[in-house]
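J.: Residue numbers (the numbering used here): 265 to 745.
Take these hints with a grain of salt, some might be off.
[Stated by the list, open to error] Each computed BS3-like pair below joins lysine-lysine, with the alpha-carbon atoms no more than 27 Å apart:
id, residue 1, residue 2
1, Lys-550, Lys-673
2, Lys-708, Lys-484
3, Lys-721, Lys-623
4, Lys-327, Lys-535
5, Lys-535, Lys-550
6, Lys-673, Lys-281
7, Lys-454, Lys-402
8, Lys-525, Lys-550
9, Lys-623, Lys-692
10, Lys-399, Lys-484
11, Lys-525, Lys-666
12, Lys-633, Lys-713
13, Lys-399, Lys-454
14, Lys-708, Lys-721
15, Lys-281, Lys-550
16, Lys-398, Lys-484
17, Lys-369, Lys-327
18, Lys-623, Lys-633
19, Lys-535, Lys-673
20, Lys-550, Lys-610
21, Lys-692, Lys-633
22, Lys-688, Lys-666
23, Lys-525, Lys-484
24, Lys-713, Lys-692
25, Lys-535, Lys-525
26, Lys-369, Lys-402
27, Lys-454, Lys-369
28, Lys-610, Lys-666
29, Lys-548, Lys-281
30, Lys-484, Lys-548
31, Lys-327, Lys-281
32, Lys-610, Lys-633
33, Lys-281, Lys-692
34, Lys-399, Lys-369
35, Lys-666, Lys-281
36, Lys-327, Lys-623
37, Lys-623, Lys-535
38, Lys-610, Lys-673
If you're looking for bench data, these hints aren't it; they were derived computationally from the structure.
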Amino acid sequence: MYHAGEHFNVNSTWWPKAAPMLSYFSRCCYLLQQGLPAADVCFYYGDDAPNLVATRRIGPDSKRLDGQTCAHCGRPNPAPADALGTGYDYDVINSDVIENRMEFKDGRLALPHGVSYSVIVLPERTDIPLSLLKKLEKLLRDGATLLGPRPERDTSLADYPRCDEQVREIAGRIWGSGDAKDVRERSYGKGRVIADRNRVRDILQQRGIGPDFAYSSPGKQADLDYIHRRTLDADIYFVSNTQMEEAEADCTFRVAQRLPKLWCPDTGEIKPCADFARVAGGMKIKLRLPPAGSVFVVFSGHAPESAAPTAAKDDGKPRETCDLVGPWEVRFPANLGAPASRVFEKLVSWTDIPDDGIKFFSGTATYLKEFEVPPSLMAHGRRLELDLGQLRNVADATLNGKALGILWKPPYTYDVTGIVRSGKNELKIEIVNLWANRLVGDAKLPREKRVTRITQKVPIQGPHESGLLGPVQLRLIGEMR
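When you get a sec, could you build the whole thing from the sequences and use the hints?
T.: What follows is the structure, encoded as structure tokens:
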């Protein structure tokens, strides 16, 4: 990756296997374009130029970037939102939108296209455009809730010094004429002004507005994030697991009287949600997400008054398995630095092989194996799953000449019911890793012996773990219905 960003093109090692990942992106993008965003707070970001507002997160980890200083670029954040905490979403808004498009309607700060907010929050500044302050005064008189410090001067020099005098006059009416430090909150018109912008979460909860999304974990603490879109007849929540390990959580969505379904963006499958209940604050659903996994929880229709069906539970008994152990033949393509083939006595990372051609290989290698299936696994009506265990980074498998498909994220499992057979079976798995390993290897070689033709030296850590790591198992997963 250069400063321009990620290079996304046909030269990537994984490009021929990218279709399922791109389908996932397409489904996510389609659903996240439906309706309007649901947010409780709008943060006004001041009148400086340039104004670069910190995003809430970048990348899959849970680190928030939207504090007083942007944790990504290190610059002061004009609209810090960290005091809002988790479970609530927000937008950042400018002067033009507030002055020309915002109105207080039906108890909310509303915009013409339908997005609305419970409160508006000012930055920790003493200057504000005079025209904006006049509009905020009108919104307060109509019933709005405003959080932020009392301003003292205009941002411009137009009609100076009268402009600053007008700001102080209006601010005195709104925040009061006494010492600003002594004014905690007060009513103004039908509205309310709170001097401490960091009380935003407390004010929402005082108004009976609980988190839009909350969760708790029965075991190891999960770390989930969410996006909420709302249409006329549905609430669409995108829930993602930010950790590279499986997560289980009891999630509460601020939705009532609507029936939830699970939309799986990786497969396009829509599943009934069999484990939900009405609770204080909304609808409670148990979610299980694979490492870095995601799901759309879509609420629509009307939830029945009766108790929801209980999800089928695992009986806890060990499942019969067939371990694919012993040697694997691994074939490598020509002209990429690796030997034509090698027998792996057991599944290990390519970086553990004492051959630089394999250790620094980048591209697609093919694993071949024949295995026998015990008759006990082949009883009529049984459902079987092929679990590849761990791998880096993409797999494309074929069993007995039948394509199983491409796996680009965990869990790396296939339903092989009806494909696996009694007796001898033939398994082929293509594994693709990233370019980093070959670049690390080429950095150690003279130009004439390099595989790649990179023109710029970049600091790349590695080589990175690659290949099929396993354990690979054929596993009984249940009885056919």
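J.: So, for every hint listed, does it hold in this structure?
T.: Going through the hints against the structure:
no., hint, in the structure
1, Lys-550 / Lys-673, "holds (22 Å)"
2, Lys-708 / Lys-484, "violated (43 Å)"
3, Lys-721 / Lys-623, "holds (20 Å)"
4, Lys-327 / Lys-535, "violated (31 Å)"
5, Lys-535 / Lys-550, "holds (14 Å)"
6, Lys-673 / Lys-281, "holds (12 Å)"
7, Lys-454 / Lys-402, "holds (10 Å)"
8, Lys-525 / Lys-550, "holds (12 Å)"
9, Lys-623 / Lys-692, "holds (21 Å)"
10, Lys-399 / Lys-484, "violated (48 Å)"
11, Lys-525 / Lys-666, "violated (32 Å)"
12, Lys-633 / Lys-713, "violated (33 Å)"
13, Lys-399 / Lys-454, "holds (15 Å)"
14, Lys-708 / Lys-721, "holds (12 Å)"
15, Lys-281 / Lys-550, "violated (32 Å)"
16, Lys-398 / Lys-484, "violated (50 Å)"
17, Lys-369 / Lys-327, "violated (35 Å)"
18, Lys-623 / Lys-633, "holds (22 Å)"
19, Lys-535 / Lys-673, "holds (20 Å)"
20, Lys-550 / Lys-610, "violated (38 Å)"
21, Lys-692 / Lys-633, "holds (7 Å)"
22, Lys-688 / Lys-666, "holds (15 Å)"
23, Lys-525 / Lys-484, "holds (25 Å)"
24, Lys-713 / Lys-692, "violated (31 Å)"
25, Lys-535 / Lys-525, "holds (6 Å)"
26, Lys-369 / Lys-402, "holds (12 Å)"
27, Lys-454 / Lys-369, "holds (12 Å)"
28, Lys-610 / Lys-666, "holds (25 Å)"
29, Lys-548 / Lys-281, "violated (37 Å)"
30, Lys-484 / Lys-548, "holds (19 Å)"
31, Lys-327 / Lys-281, "violated (30 Å)"
32, Lys-610 / Lys-633, "holds (12 Å)"
33, Lys-281 / Lys-692, "holds (15 Å)"
34, Lys-399 / Lys-369, "holds (14 Å)"
35, Lys-666 / Lys-281, "holds (17 Å)"
36, Lys-327 / Lys-623, "violated (33 Å)"
37, Lys-623 / Lys-535, "violated (42 Å)"
38, Lys-610 / Lys-673, "holds (23 Å)"
Comparing the model with each earlier hint shows violations of hints 2, 4, 10, 11, 12, 15, 16, 17, 20, 24, 29, 31, 36, 37; every other hint is respected.
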